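K.L.:
Chains as they are written, first to last, in my numbering: chain A, 1 to 100; chain P, 1 to 498.
Think of the hints as simulated: they come from the structure by calculation, not from any bench. Errors might be hidden in some of the hints.
Taking lysine-lysine and the PhoX-like style, the derived pairs with C-alpha atoms no more than 20 Å apart in a straight line are [claimed, not checked]:
hint: 1; chain 1: P; residue 1: K104; chain 2: P; residue 2: K35
hint: 2; chain 1: P; residue 1: K104; chain 2: P; residue 2: K151
hint: 3; chain 1: P; residue 1: K154; chain 2: A; residue 2: K87
hint: 4; chain 1: P; residue 1: K103; chain 2: P; residue 2: K151
hint: 5; chain 1: A; residue 1: K87; chain 2: P; residue 2: K151
Please read these numbers as outputs of a predicted model, since none were measured by experiment.
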Amino acid sequence: MIPLSHYLLLSAVIFSVGVVGVMTRRNAIVVFMCIELMLNSVNLTLVAFSSYLGDATGQMLVFFVMVVAAAEAAVGLAIVISLFRNKQTVNIDDINILKW
Amino acid sequence: MINQVLQSLPYIVPELIVTGTLCLVLLLSLMMRKKSDLLVFVAALGLFAALAVLTSQPFASACLFFKMTVIDPFSQFFKLVILFAALIVVLMSRFSDEVNQIKKSLGEYYFLVVSMTLGMMFMVSASNLLMMYLSLELTSLTSYVVVGFIKQSKNSSEASLKYLLYGAFSSGVMLYGISIIYGLTGTMELSGINQVLAQGSANTAMLLIGGIMLLVGFGYKISAVPFHFWTPDVYEGAPTTITAFLSVASKAAGFAMLMRALKIMFLDSSALEIGNEFWPLIHGIPVVEILSVLAVLTMTIGNLVALWQDNVKRLLAYSSIAQAGYMLLGLATISNEGYSAVMLYFIVYLFMNLGAFYVAMLISNTLGSENIHDYKGLGRRAPFLSVSMAVFLVSLTGIPPTAGFIGKWMIFLSLINVKMIGLAVIGVLNSVVSLYYYLRIVRNMFLHEGEKEEVAIRYPLAQQLLLLCLMVPTLYFGIFFNPLIELVQFSVQMFGIK
Numbered sequence: 001m002i003p004l005s006h007y008l009l010l011s012a013v014i015f016s017v018g019v020v021g022v023m024t025r026r027n028a029i030v031v032f033m034c035i036e037l038m039l040n041s042v043n044l045t046l047v048a049f050s051s052y053l054g055d056a057t058g059q060m061l062v063f064f065v066m067v068v069a070a071a072e073a074a075v076g077l078a079i080v081i082s083l084f085r086n087k088q089t090v091n092i093d094d095i096n097i098l099k100w
Numbered sequence: 001m002i003n004q005v006l007q008s009l010p011y012i013v014p015e016l017i018v019t020g021t022l023c024l025v026l027l028l029s030l031m032m033r034k035k036s037d038l039l040v041f042v043a044a045l046g047l048f049a050a051l052a053v054l055t056s057q058p059f060a061s062a063c064l065f066f067k068m069t070v071i072d073p074f075s076q077f078f079k080l081v082i083l084f085a086a087l088i089v090v091l092m093s094r095f096s097d098e099v100n101q102i103k104k105s106l107g108e109y110y111f112l113v114v115s116m117t118l119g120m121m122f123m124v125s126a127s128n129l130l131m132m133y134l135s136l137e138l139t140s141l142t143s144y145v146v147v148g149f150i151k152q153s154k155n156s157s158e159a160s161l162k163y164l165l166y167g168a169f170s171s172g173v174m175l176y177g178i179s180i181i182y183g184l185t186g187t188m189e190l191s192g193i194n195q196v197l198a199q200g201s202a203n204t205a206m207l208l209i210g211g212i213m214l215l216v217g218f219g220y221k222i223s224a225v226p227f228h229f230w231t232p233d234v235y236e237g238a239p240t241t242i243t244a245f246l247s248v249a250s251k252a253a254g255f256a257m258l259m260r261a262l263k264i265m266f267l268d269s270s271a272l273e274i275g276n277e278f279w280p281l282i283h284g285i286p287v288v289e290i291l292s293v294l295a296v297l298t299m300t301i302g303n304l305v306a307l308w309q310d311n312v313k314r315l316l317a318y319s320s321i322a323q324a325g326y327m328l329l330g331l332a333t334i335s336n337e338g339y340s341a342v343m344l345y346f347i348v349y350l351f352m353n354l355g356a357f358y359v360a361m362l363i364s365n366t367l368g369s370e371n372i373h374d375y376k377g378l379g380r381r382a383p384f385l386s387v388s389m390a391v392f393l394v395s396l397t398g399i400p401p402t403a404g405f406i407g408k409w410m411i412f413l414s415l416i417n418v419k420m421i422g423l424a425v426i427g428v429l430n431s432v433v434s435l436y437y438y439l440r441i442v443r444n445m446f447l448h449e450g451e452k453e454e455v456a457i458r459y460p461l462a463q464q465l466l467l468l469c470l471m472v473p474t475l476y477f478g479i480f481f482n483p484l485i486e487l488v489q490f491s492v493q494m495f496g497i498k
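Kindly produce the complete structure, drawing on both the sequences and the hints.
P.N.:
Here it is as structure tokens:
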């Protein structure tokens with residue numbers, strides 16, 4: 001039996017990897033993948049807690065998170081394509097018309 | 001189980017009407033591509049019908065759909081604000097050249113605006129963390145798309161991508177907060193969380209981390225500093241109608257969610273006495289301190305950065321950040337009085353902010369510019385427009401006899417009543433700073449000569465009528481504000497709390 005803390009530690013690490021990725025990567029699609037990583041680490045936490053507490057609410061939320069993540073990916077990629085058509089780049093440093 | 005669903009349905013008739021409207025708009029846009037006026041008519045009619053049904057059930061109070069959502073005077077009030085803002089925005093869009101240039105997909109535009117409204121309506125009545133997350137995402141996903149609606153504009157698609165990245169990031173953080181709170185308390189219902197917290201067995205440090213992560217999601221929605229980075233870019237790049245909608249309705253929904261979560265999760269109901277100005281809070285969580293710091297940061301940074309903005313939409317974006325700061329001050333009092341002051345502010349803010357964006361939109365229709373220097377000499381070319389812009393801006397500053405003064409006055413009064421004089425002083429100082437940049441627009445319109453020829457600009461009667469609909473309440477509520485105060489004092493009641 002693997003204790004709860006292992007799951008929590010793993011998901012905290014994955015979450016941090018996601019956050020660091022969002023902060024440091026410059027390609028909009030890679031940033032987006034890092035955000036998906038964050039969402040999935042949350043799913044891991046929720047499932048771990050849910051099984052630890054013996055309560056199904058957490059697992060229910062996981063399904064909704066997956067649905068929302070899929071919808072977000074669809075919308076996000078569409079927006080990236082629309083931006084690419086205008087600017088021929090997906091590098092975040094070049095997306096800088098609007099500032100201050 | 002099916003019984004409870006059936007029993008809940010009559011309470012959400014306004015939401016059902018809005019859902020029906022959005023399906024109808026989508027179908028109509030598929031069948032009749034050319035008739036954009038029909039779409040506006042259907043969308044406006046649907047929103048108006050929802051508004052009418054909503055006002056016919058003011059005393060409804062119930063817990064719906066397995067405690068996922070509640071219906072109470074508080075949620076009814078915010079639904080009213082949101083529906084009214086949506087109605088105005090739909091009518092505004094009819095006059096926007098920016099939106100109407102995309103003839104092919106106007107149906108999608110109205111569809112997305114109405115679905116955003118639906119998401120916000122569920123946000124204000126969510127009483128479960130799951131429902132909060134879902135409705136927040138419904139609102140966010142539709143607004144990402146509609147911000148990038150003008151596909152050939154670089155600004156619009158850039159704003160859309162920035163909104164998406166910030167939004168997805170902060171909702172991820174918020175979700176992690178939800179998972180921590182769920183792990184600590186074993187439930188996602190706000191009232192259930194409150195009961196567990198009241199026993200005091202939860203780990204305070206973890207609870208604080210979870211709570212702050214949850215706050216990131218709310219803070220992003222209400223554009224509080226330090227989660228505000230998307231606001232100026234998105235407000236500048238989005239179509240002006242959508243900017244107006246985001247700055248009023250989206251903010252109202254975010255605030256409603258924050259207010260409900262704050263009160264229901266952290267109120268110590270065992271120590272509650274009637275007539276107590278402060279609510280007793282569950283110990284160990286520095287709610288007041290966090291909110292005060294957020295409020296001061298938000299209004300100060302919003303106001304200071306607004307000082308050197310030359311784009312009117314960007315200036316109004318920073319101004320709306322600052323306005324969120326004033327409202328957070330009302331929340332920091334954690335009293336019913338502060339809450340009702342914030343709600344009063346929202347009614348006022350609805351008219352003045354929509355009005356300011358509407359004038360900016362009309363001016364950019366004719367001048368093709370949002371730069372503050374191009375506003376020079378407008379006072380002579382379009383007198384009615386300029387005078388009403390002046391009224392909205394004066395009201396945003398908070399100078400009597402406009403409604404903005406009453407809103408600010410109530411917030412500062414509630415602060416003084418709970419002896420937070422320092423915060424009230426900072427708020428007043430901030431209002432003084434904001435006077436400078438609001439009046440810069442007015443000065444450019446009236447005191448400077450235009451560089452080009454002075455041709456009078458004419459606006460159709462319908463456009464002027466809509467403007468009048470926004471300007472009259474801004475002045476009227478500045479003088480006759482008693483009905484508003486009664487309304488908010490009634491509407492501050494939440495389900496499940498005395």
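K.L.:
Sort out which numbered hints this structure fails and list those numbers smallest first.
P.N.:
Per hint list: zero violations.
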